[in-house]
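Position chain B relative to chain A; hints supplied.
These protein sequence lines map, in sequence, to chains A and B. Counting in the working numbering, the first sequence tops out at residue 531, every number present. Counting in the working numbering, the second sequence tops out at residue 189, every number present.
Keep in mind the hints are simulated off the structure, nothing from the lab. This one's a predicted model, so the numbers in the text were calculated from it and none came from an experiment. Glycine included, C-beta positions come from ideal geometry on N, C-alpha and C. One or more hints might be untrue.
To be verified - One side only, chain B facing chain A, incomplete, derived with CB under 7 Å:
no.	residue
1	Q98
2	V104
3	S134
4	V147
5	Q183
Claimed, not checked - In silico DSS-like pairs for lysine-lysine, Cα to Cα no more than 25 Å straight-line:
no.	chain 1	residue 1	chain 2	residue 2
6	A	K281	B	K136
7	A	K178	B	K136
8	A	K165	A	K438
9	B	K186	A	K281
10	A	K498	B	K87
11	B	K176	B	K84
12	A	K288	B	K127
13	B	K127	A	K492
14	A	K178	A	K492
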Amino acid sequence: MKHLKNLFFLALLIIATQLGAQNNAGLKLPEGFKATLFADTIGSARHITITKNGVVFAKLMYPNKAGKSIIRLEDVNKDGVADKINGWGNYGGTGIYVKGKDLYATSDNDIYLYQLNEKDEVVNPLSPKTIVKGLIAKNQHASKSITLDGENNVYVNIGAYSNACQEKDRTPGSKGMMPCPILDSAGGIWKFNATKENQVYGDGKRYATGLRNVVGLDWNTKTNSLFVMQHGRDQLNSFYPSLYTDAQNAELPAETMYELHEGDNAGWPYVYFDPYQKKKIVSPEYGGDGKKEGGENALNPTVFFPAHMAPNALLFYTGDQFPAKYKNGAFIAFHGSWNRAPLPQEGYFVAFVPFKDGKPSGEWEIFANGFSGLAGDEKVTNVRKVKSRPCGLAQGPDGSLYVSDDARGSIFKISYTK
Amino acid sequence: MLEGQFLKLATLNNNLIKMLNNTLFNFIIMMAKQLSVVCFFILFFTIAASAQDLVKGKKIFETRCLVCHQADGGGVPNMNAPLDGSSNVVGNNIARLVKIIIGGYSEKVPLDGYYYNNVMTANPDLKDADIANVLSYIRTSWSNKATKITVAQVQAAKRKK
Numbered sequence: 114m115k116h117l118k119n120l121f122f123l124a125l126l127i128i129a130t131q132l133g134a135q136n137n138a139g140l141k142l143p144e145g146f147k148a149t150l151f152a153d154t155i156g157s158a159r160h161i162t163i164t165k166n167g168v169v170f171a172k173l174m175y176p177n178k179a180g181k182s183i184i185r186l187e188d189v190n191k192d193g194v195a196d197k198i199n200g201w202g203n204y205g206g207t208g209i210y211v212k213g214k215d216l217y218a219t220s221d222n223d224i225y226l227y228q229l230n231e232k233d234e235v236v237n238p239l240s241p242k243t244i245v246k247g248l249i250a251k252n253q254h255a256s257k258s259i260t261l262d263g264e265n266n267v268y269v270n271i272g273a274y275s276n277a278c279q280e281k282d283r284t285p286g287s288k289g290m291m292p293c294p295i296l297d298s299a300g301g302i303w304k305f306n307a308t309k310e311n312q313v314y315g316d317g318k319r320y321a322t323g324l325r326n327v328v329g330l331d332w333n334t335k336t337n338s339l340f341v342m343q344h345g346r347d348q349l350n351s352f353y354p355s356l357y358t359d360a361q362n363a364e365l366p367a368e369t370m371y372e373l374h375e376g377d378n379a380g381w382p383y384v385y386f387d388p389y390q391k392k393k394i395v396s397p398e399y400g401g402d403g404k405k406e407g408g409e410n411a412l413n414p415t416v417f418f419p420a421h422m423a424p425n426a427l428l429f430y431t432g433d434q435f436p437a438k439y440k441n442g443a444f445i446a447f448h449g450s451w452n453r454a455p456l457p458q459e460g461y462f463v464a465f466v467p468f469k470d471g472k473p474s475g476e477w478e479i480f481a482n483g484f485s486g487l488a489g490d491e492k493v494t495n496v497r498k499v500k501s502r503p504c505g506l507a508q509g510p511d512g513s514l515y516v517s518d519d520a521r522g523s524i525f526k527i528s529y530t531k
Numbered sequence: 029m030l031e032g033q034f035l036k037l038a039t040l041n042n043n044l045i046k047m048l049n050n051t052l053f054n055f056i057i058m059m060a061k062q063l064s065v066v067c068f069f070i071l072f073f074t075i076a077a078s079a080q081d082l083v084k085g086k087k088i089f090e091t092r093c094l095v096c097h098q099a100d101g102g103g104v105p106n107m108n109a110p111l112d113g114s115s116n117v118v119g120n121n122i123a124r125l126v127k128i129i130i131g132g133y134s135e136k137v138p139l140d141g142y143y144y145n146n147v148m149t150a151n152p153d154l155k156d157a158d159i160a161n162v163l164s165y166i167r168t169s170w171s172n173k174a175t176k177i178t179v180a181q182v183q184a185a186k187r188k189k
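Chain A with its partners taken away, still in its complex shape (with noise of 0.2 Å):
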């Protein structure tokens, strides 16, 4: 009896993986392409990395159950899902970023570097050498995402520790802070040599500055230049109900793609970018009046999307396995929103803007949908409830696309058949 209760229990898991098999790991994906589920629960995963060899590194938000917070994947057998995982690390963070056999990982004061042999193994989990320290980390927007170069410098978002840089952050009527002194340590991207050890600020170099909060970034090797996804400003009709309602606050500002070069400003927290007017507006902190026009030398960005999706990730596709439509295109993983309540929230999803010569050549499209968990097109308005939210990506080196989640800790492992 007990062993035939077991048999039932065994069919109905195999049932249930080879439905999951066959329902791409619950994601909603354009014809052609196949999805698996790489791995489940391993942690709050944030950034992911993939080695020459197929490799999967994934940085934990907070250490896991078994206390780690760098996890390495492989996939021995090679059928879409991870079967040798371990992991080092006690510190939390999210940026990780593998070149060669250099794995840099970050915490949100500190980037580590790692060195890893012919087989992608960690060699000296407990003594990383530190390539930057002390970099600021307040309450908000703490987490330092990374990329490299190809000539030796990474690249490091330094979020602003605040929504709009107010006298009192995320309180109504108080003003901007003229100039806002926040600029001079954080919402920017810092530059800073990438095998030097022990720099700090004074070592590194304000790359690029006006950027309240990059989680998802990349350098694009066809134009030589790095791209970031800006999350914009929260709580515009919090603060100015005379000035925005809840819809409006719903649809500004734009979250905005932009591609940087060295001295570059974005605007934050002057301006922020209405995706309705297409024009860089003063903020009301400043003055504004949700019409007057700013920031004469702030940047356009490349790309807008809609309010407050939260992109998290960022990744411009150099893979021969998807169609050409997708070449040298950008991947952004969209976290998901949640200063659009009341209204329904919107992200949950990978999308995928086509680039030609270095300019986005198209409208923007959502790539994979449903790792909300909802059914069909569902809009999510319990935030808590949602299963798993895109939070980094990779490129394997088959050129498939790996998704890492940061809710549930699965990483979605999406590839092309023709």
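Only chain B this time, still in chain A's reference frame:
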């Protein structure tokens, strides 16, 4: 129900009245009858008024708190703390709750084991009655089933600092 019982009592007493034929007693009965009606209205209004507190509390929640804590009180994981199911929200440390509402909150200490990264807006302009109402609302909504908070409790909490 109250009146029903009273009527029962009244018929019982009617016999008595007949027996005694006492006009004074008749008068007392009448007074009692009226008193019961008054009592009924007082009861009705206290229930209605207390529902009114929650309606007012809900309104404050919707205009000032919902954006972060969400309609279901569930908050946003890692970002905005949940109020539904929070041991602190239904707990006895009223002074702490009052302080959070007035001054905002960003301590980055674990709440029921989790950290939250956002900064809660301060509400220095809320009146004591508003604070009592919104606290009553969050303590009795969703799955929360704690006691409501009175204006006197808010004032006591403020004195405590």
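Each hint tested on the structure:
1. Q98: With Cβ-Cβ at 6 Å, under 7 Å, it holds.
2. V104: Constraint on V104 (chain B) satisfied, holds at 4 Å.
3. S134: 5 Å, holds
4. V147: 5 Å, holds
5. Q183: Result: violated, 24 Å to nearest chain A Cβ.
6. A:K281 / B:K136: Holds, because 18 Å separates the two Cα atoms, which is no more than 25 Å.
7. A:K178 / B:K136: 20 Å, holds
8. A:K165 / A:K438: Roughly 24 Å between the alpha carbons, so the hint for K165 (chain A) and K438 (chain A) holds.
9. B:K186 / A:K281: Given that 25 Å is the threshold and the Cα spacing comes to 22 Å, the pair holds.
10. A:K498 / B:K87: Between K498 (chain A) and K87 (chain B) the Cα gap is close to 24 Å, so the pair holds against 25 Å.
11. B:K176 / B:K84: Roughly 13 Å between the alpha carbons, so the hint for K176 (chain B) and K84 (chain B) holds.
12. A:K288 / B:K127: Judged against 25 Å, a Cα distance of about 23 Å means the pair holds.
13. B:K127 / A:K492: The hint is violated at about 35 Å.
14. A:K178 / A:K492: 31 Å, violated
In summary, the numbered hints that this structure violates are 5, 13 and 14.
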